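Asks: In order, the protein sequence lines correspond to chains A and B. Going left to right, the first sequence walks through residues 16 to 492 as this note's numbering numbers them. Going left to right, the second sequence walks through residues 16 to 492 as this note's numbering numbers them.
You may find that some hints are simply not true.
Note that identical chains are pooled: a pair holds if it fits in a single copy or bridges any two copies.
Straight-line C-alpha distance at most 25 Å; calculated DSS-like pairs for lysine-lysine [unchecked claim]:
hint	residue 1	residue 2
1	Lys318	Lys349
2	Lys484	Lys140
3	Lys338	Lys78
4	Lys318	Lys241
5	Lys410	Lys257
6	Lys215	Lys329
7	Lys413	Lys266
8	Lys266	Lys484
9	Lys329	Lys480
10	Lys331	Lys215
11	Lys78	Lys329
12	Lys43	Lys151
13	Lys318	Lys490
14	Lys223	Lys241
15	Lys269	Lys344
16	Lys484	Lys75
17	Lys324	Lys269
18	Lys266	Lys454
19	Lys331	Lys31
20	Lys100	Lys75
21	Lys241	Lys384
22	Lys429	Lys151
For the record, the hints were derived by calculation from the structure and aren't laboratory data. No experiment lies behind these values; they were computed from the predicted model shown.
Protein chains: 2
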Amino acid sequence: MAKDKKMVEQITSMEKDFAQWYTDVVLKADLIDYTSVKGCMVIKPAGYAIWERIQAELDKRFKETGVENVYLPMFIPESLLQKEKDHVEGFAPEVAWVTHGGLNPLQERMCVRPTSETLFCDFYKNEIESYRDLPKVYNQWCSVVRWEKETRPFLRSREFLWQEGHTAHATAEEAEERTVQMLNVYAKFCEEVLAIPVIKGQKSEKEKFAGAEATYTIEALMHDGKALQSGTSHNFGDGFAKAFGIQYTSKDNKLEYVHQTSWGMTTRLIGAIIMVHGDDSGLVLPPRIAPTQVMIVPVMQKKEGVLEKAAELKEKLSAYRVKVDDSDKNPGWKFAEQEMRGIPLRVEIGPRDIEANKALVVRRDNGEKIEVSLDEIDTKIGELLEDIQKNMFEKALKHREEHTYVANNWDEFKDIIENKPGFVKAMWCGETECEEAIKEETSATTRCMPFTQENLGDVCVHCGKPARKMMYFGKAY
Amino acid sequence: MAKDKKMVEQITSMEKDFAQWYTDVVLKADLIDYTSVKGCMVIKPAGYAIWERIQAELDKRFKETGVENVYLPMFIPESLLQKEKDHVEGFAPEVAWVTHGGLNPLQERMCVRPTSETLFCDFYKNEIESYRDLPKVYNQWCSVVRWEKETRPFLRSREFLWQEGHTAHATAEEAEERTVQMLNVYAKFCEEVLAIPVIKGQKSEKEKFAGAEATYTIEALMHDGKALQSGTSHNFGDGFAKAFGIQYTSKDNKLEYVHQTSWGMTTRLIGAIIMVHGDDSGLVLPPRIAPTQVMIVPVMQKKEGVLEKAAELKEKLSAYRVKVDDSDKNPGWKFAEQEMRGIPLRVEIGPRDIEANKALVVRRDNGEKIEVSLDEIDTKIGELLEDIQKNMFEKALKHREEHTYVANNWDEFKDIIENKPGFVKAMWCGETECEEAIKEETSATTRCMPFTQENLGDVCVHCGKPARKMMYFGKAY
Numbered sequence: 016m017a018k019d020k021k022m023v024e025q026i027t028s029m030e031k032d033f034a035q036w037y038t039d040v041v042l043k044a045d046l047i048d049y050t051s052v053k054g055c056m057v058i059k060p061a062g063y064a065i066w067e068r069i070q071a072e073l074d075k076r077f078k079e080t081g082v083e084n085v086y087l088p089m090f091i092p093e094s095l096l097q098k099e100k101d102h103v104e105g106f107a108p109e110v111a112w113v114t115h116g117g118l119n120p121l122q123e124r125m126c127v128r129p130t131s132e133t134l135f136c137d138f139y140k141n142e143i144e145s146y147r148d149l150p151k152v153y154n155q156w157c158s159v160v161r162w163e164k165e166t167r168p169f170l171r172s173r174e175f176l177w178q179e180g181h182t183a184h185a186t187a188e189e190a191e192e193r194t195v196q197m198l199n200v201y202a203k204f205c206e207e208v209l210a211i212p213v214i215k216g217q218k219s220e221k222e223k224f225a226g227a228e229a230t231y232t233i234e235a236l237m238h239d240g241k242a243l244q245s246g247t248s249h250n251f252g253d254g255f256a257k258a259f260g261i262q263y264t265s266k267d268n269k270l271e272y273v274h275q276t277s278w279g280m281t282t283r284l285i286g287a288i289i290m291v292h293g294d295d296s297g298l299v300l301p302p303r304i305a306p307t308q309v310m311i312v313p314v315m316q317k318k319e320g321v322l323e324k325a326a327e328l329k330e331k332l333s334a335y336r337v338k339v340d341d342s343d344k345n346p347g348w349k350f351a352e353q354e355m356r357g358i359p360l361r362v363e364i365g366p367r368d369i370e371a372n373k374a375l376v377v378r379r380d381n382g383e384k385i386e387v388s389l390d391e392i393d394t395k396i397g398e399l400l401e402d403i404q405k406n407m408f409e410k411a412l413k414h415r416e417e418h419t420y421v422a423n424n425w426d427e428f429k430d431i432i433e434n435k436p437g438f439v440k441a442m443w444c445g446e447t448e449c450e451e452a453i454k455e456e457t458s459a460t461t462r463c464m465p466f467t468q469e470n471l472g473d474v475c476v477h478c479g480k481p482a483r484k485m486m487y488f489g490k491a492y
Numbered sequence: 016m017a018k019d020k021k022m023v024e025q026i027t028s029m030e031k032d033f034a035q036w037y038t039d040v041v042l043k044a045d046l047i048d049y050t051s052v053k054g055c056m057v058i059k060p061a062g063y064a065i066w067e068r069i070q071a072e073l074d075k076r077f078k079e080t081g082v083e084n085v086y087l088p089m090f091i092p093e094s095l096l097q098k099e100k101d102h103v104e105g106f107a108p109e110v111a112w113v114t115h116g117g118l119n120p121l122q123e124r125m126c127v128r129p130t131s132e133t134l135f136c137d138f139y140k141n142e143i144e145s146y147r148d149l150p151k152v153y154n155q156w157c158s159v160v161r162w163e164k165e166t167r168p169f170l171r172s173r174e175f176l177w178q179e180g181h182t183a184h185a186t187a188e189e190a191e192e193r194t195v196q197m198l199n200v201y202a203k204f205c206e207e208v209l210a211i212p213v214i215k216g217q218k219s220e221k222e223k224f225a226g227a228e229a230t231y232t233i234e235a236l237m238h239d240g241k242a243l244q245s246g247t248s249h250n251f252g253d254g255f256a257k258a259f260g261i262q263y264t265s266k267d268n269k270l271e272y273v274h275q276t277s278w279g280m281t282t283r284l285i286g287a288i289i290m291v292h293g294d295d296s297g298l299v300l301p302p303r304i305a306p307t308q309v310m311i312v313p314v315m316q317k318k319e320g321v322l323e324k325a326a327e328l329k330e331k332l333s334a335y336r337v338k339v340d341d342s343d344k345n346p347g348w349k350f351a352e353q354e355m356r357g358i359p360l361r362v363e364i365g366p367r368d369i370e371a372n373k374a375l376v377v378r379r380d381n382g383e384k385i386e387v388s389l390d391e392i393d394t395k396i397g398e399l400l401e402d403i404q405k406n407m408f409e410k411a412l413k414h415r416e417e418h419t420y421v422a423n424n425w426d427e428f429k430d431i432i433e434n435k436p437g438f439v440k441a442m443w444c445g446e447t448e449c450e451e452a453i454k455e456e457t458s459a460t461t462r463c464m465p466f467t468q469e470n471l472g473d474v475c476v477h478c479g480k481p482a483r484k485m486m487y488f489g490k491a492y
């Protein structure tokens with residue numbers, strides 16, 4: 016839809032209908048468009064620019080830990096997918112099948128990768144012979160396909176963009192270390208760059224990845240009190256290695272199986288940014304991830320010298336990601352548009368400001384307006400961007416803390432789930448049956464057993480059996 | 016295969032068997048591996064790092080011309096692919112078809128994108144209403160699938176990585192301007208960054224892209240005298256716009272069709288780098304695209320102070336992409352490995368060098384060895400890298416010039432094609448029938464009608480009819 020039509024409509028208030036608010040924001044902030052391909056989306060420039068920044072930041076952090084990028088085929092022959100039993104059971108029901116190449120039927124059908132463990136195993140089997148070939152710490156940036164029934168932009172779509180790291184190690188210890196290391200990279204990235212606080216922990220047996228020995232996760236709380244799994248890291252032990260025959264000769268000349276991990280983050284993170292930071296005026300982007308950090312809006316731009324001064328100011332602020340909106344829309348329209356798109360700072364400059372050697376700086380996160388002398392605007396903008404980043408994280412953290420509850424017994428648990436959207440901390444027996452009963456009765460799922468455990472009692476909040484772990488529960492996307 | 020096995024084998028000489036030499040280099044320089052998916056490859060770290068640099072350099076140049084990145088679905092519903100007649104005829108025979116999603120057959124089958132004109136048209140149809148929405152200058156980085164029968168790593172594979180730009184403009188002039196602009200971006204990139212000289216020109220009617228009004232191309236000459244189409248830019252006129260109904264309201268309130276272009280470059284460029292610059296010791300990478308520009312090899316590295324000095328030197332050279340090979344392989348082995356991988360400069364430093372405050376710098380392009388004082392090594396390395404880049408371009412240009420021939424009549428043409436691998440310049444009538452006859456008789460194809468035309472006569476080299484254009488002919492990959 017052309018922009019002029021879209022911007023005059025208001026977005027739904029988040030208090031009134033959070034799901035509709037979300038849809039309005041993704042469309043009106045020009046992040047995506049729907050397509051003729053059901054369940055798939057177009058990621059438009061404003062949305063893709065966020066992904067590019069996520070990629071650049073994550074990729075840098077990966078490479079600092081020794082990760083190398085590769086690219087594997089998008090197709091997986093059916094026989095390869097079937098090699099690891101749990102894995103095929105987990106993924107086969109939701110893959111897209113290619114049956115014809117050109118005009119001819121294929122001898123063996125292939126799925127479009129839903130994830131690439133099997134391909135990496137097939138690759139590593141040839142690549143690894145000796146301990147000298149280890150570790151392998153490879154990653155790829157690509158798209159994957161999962162044939163979901165219900166889809167939502169960024170949160171759950173039939174095709175999505177992600178990175179998938181796949182590593183092979185000589186020992187179980189080293190694999191475990193890498194699994195945790197990457198979860199920590201993810202957590203730091205979310206907190207430092209996206210300003211999203213996360214809970215680090217382990218998934219239950221039921222919720223772990225198909226084929227993994229252990230799945231670690233970071234869980235974030237959205238504004239509506241629902242949880243979003245934001246990144247996962249899996250330790251496979253030697254299960255895949257045994258299924259695929261990936262062995263190496265050790266230093267003392269024995270044949271050993273490798274130990275493997277995988278870890279991934281997706282375009283879902285864009286959904287998290289929207290649902291953690293957004294408000295009724297639209298998107299709010301943390302400065303470190305914002306493709307444009309500062310938008311200069313000339314006021315009365317036809318007056319002599321205004322556009323020149325705006326350009327000069329842009330030059331002065333070139334340490335930041337800065338643009339000038341010199342389109343022929345009126346300033347009020349421009350303000351609304353940049354608020355919708357979540358640009359952290361707006362700088363208004365008109366003839367009177369120029370005369371007084373100042374500009375008006377407006378913060379997106381709290382609406383504050385600050386008069387700044389043009390002499391010190393460079394430093395001031397830097398300080399404000401830092402402050403916004405910090406403020407956004409603190410606000411999100413406060414929101415999570417205020418929406419995290421302790422349930423000491425089953426009645427409290429049910430009451431919280433029904434009346435207080437957020438995380439519920441409770442003791443849990445560790446049994447899949449009990450976990451399924453909790454979901455059945457309340458629709459809450461286990462989110463993670465946090466690495467930082469608290470002792471809230473001795474018995475399971477639901478079944479009363481001896482408690483094994485403190486678990487975060489919640490309704491989730 | 017583990018590295019220690021591979022490196023002891025020699026690669027085939029390029030004079031003896033160029034095709035085998037190419038295969039040896041891609042495998043032994045660790046660029047790719049074959050996979051269980053027929054016709055698809057793994058791009059390994061050394062290969063993917065080259066692609067990452069190509070992406071970064073091209074993407075920067077695109078954005079300087081106003082390009083914005085987006086991401087569209089990888090699937091195209093059959094009905095959408097069929098909307099433009101020439102386009103579907105060109106691509107339908109070589110696409111992969113998805114027929115099932117999860118356990119159910121799809122209502123309509125979809126192909127995996129072989130290229131995304133139809134999807135962009137479907138998107139632009141909703142996106143464009145008024146002249147204010149124009150131009151749209153979008154690009155995506157993704158993989159595409161074409162079900163080729165014969166495949167070769169990088170040059171022709173069933174899945175490959177590329178970028179595809181798709182633009183929409185108000186006028187035919189603007190579309191033509193963008194088509195040529197992007198071809199020029201490609202040509203400059205090839206010449207400045209990859210050190211590959213290219214011929215810019217137009218494809219014949221027969222060789223143009225399915226659905227295009229005009230296809231422009233850059234053609235490069237490989238070391239064996241075969242041509243490689245290295246990038247193309249297409250002007251679609253309003254053909255797709257009419258098939259898809261993409262109209263806008265002009266300033267004077269009339270409904271008009273948009274004019275469109277598309278342009279793409281692929282991982283095939285890595286094949287071009289190998290075949291233009293490589294030699295019998297392996298890959299030779301131009302400094303501007305080399306993921307590692309300088310490899311420091313400590314000699315007698317167990318002697319006190321050697322590794323420390325190597326690390327210090329790395330720090331000193333941090334303006335370049337520099338690494339230290341401190342593995343426990345012997346220096347001779349390391350030298351061979353880095354030659355195979357095409358690293359532009361090797362710096363050897365051992366106890367005696369340290370004592371004399373110097374290092375030995377070895378050029379990959381010509382084997383020259385230069386003693387350099389450690390005091391001025393930083394500047395010297397910069398000069399050498401520049402010189403290698405320049406030298407490699409000049410060498411490739413000389414090779415092309417020496418292998419470009421003029422055919423004044425049909426006997427000369429046949430003689431050149433049979434005996435002198437390279438480009439043949441000749442006058443041509445412009446008829447598809449004649450072009451097909453030439454291919455039939457000699458296996459040479461039309462490469463391009465260069466923008467810079469020369470008058471070599473009045474009649475077609477083959478049929479004797481009046482000549483319309485000077486054409487470059489050649490055997491091609």
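Asks: With reference to the structure, classify each hint as holding or not holding.
Replies: Going through the hints against the structure:
no.: 1; hint: Lys318 <-> Lys349; in the structure: within (18 Å within a copy, 66 Å between copies)
no.: 2; hint: Lys484 <-> Lys140; in the structure: neither (37 Å within a copy, 54 Å between copies)
no.: 3; hint: Lys338 <-> Lys78; in the structure: between (30 Å within a copy, 14 Å between copies)
no.: 4; hint: Lys318 <-> Lys241; in the structure: neither (50 Å within a copy, 60 Å between copies)
no.: 5; hint: Lys410 <-> Lys257; in the structure: neither (47 Å within a copy, 51 Å between copies)
no.: 6; hint: Lys215 <-> Lys329; in the structure: neither (40 Å within a copy, 37 Å between copies)
no.: 7; hint: Lys413 <-> Lys266; in the structure: neither (52 Å within a copy, 51 Å between copies)
no.: 8; hint: Lys266 <-> Lys484; in the structure: neither (39 Å within a copy, 67 Å between copies)
no.: 9; hint: Lys329 <-> Lys480; in the structure: neither (64 Å within a copy, 60 Å between copies)
no.: 10; hint: Lys331 <-> Lys215; in the structure: neither (41 Å within a copy, 40 Å between copies)
no.: 11; hint: Lys78 <-> Lys329; in the structure: between (32 Å within a copy, 18 Å between copies)
no.: 12; hint: Lys43 <-> Lys151; in the structure: between (43 Å within a copy, 18 Å between copies)
no.: 13; hint: Lys318 <-> Lys490; in the structure: neither (55 Å within a copy, 62 Å between copies)
no.: 14; hint: Lys223 <-> Lys241; in the structure: within (19 Å within a copy, 53 Å between copies)
no.: 15; hint: Lys269 <-> Lys344; in the structure: between (72 Å within a copy, 22 Å between copies)
no.: 16; hint: Lys484 <-> Lys75; in the structure: neither (35 Å within a copy, 50 Å between copies)
no.: 17; hint: Lys324 <-> Lys269; in the structure: neither (72 Å within a copy, 37 Å between copies)
no.: 18; hint: Lys266 <-> Lys454; in the structure: neither (49 Å within a copy, 58 Å between copies)
no.: 19; hint: Lys331 <-> Lys31; in the structure: neither (43 Å within a copy, 60 Å between copies)
no.: 20; hint: Lys100 <-> Lys75; in the structure: neither (35 Å within a copy, 45 Å between copies)
no.: 21; hint: Lys241 <-> Lys384; in the structure: neither (32 Å within a copy, 65 Å between copies)
no.: 22; hint: Lys429 <-> Lys151; in the structure: neither (46 Å within a copy, 52 Å between copies)
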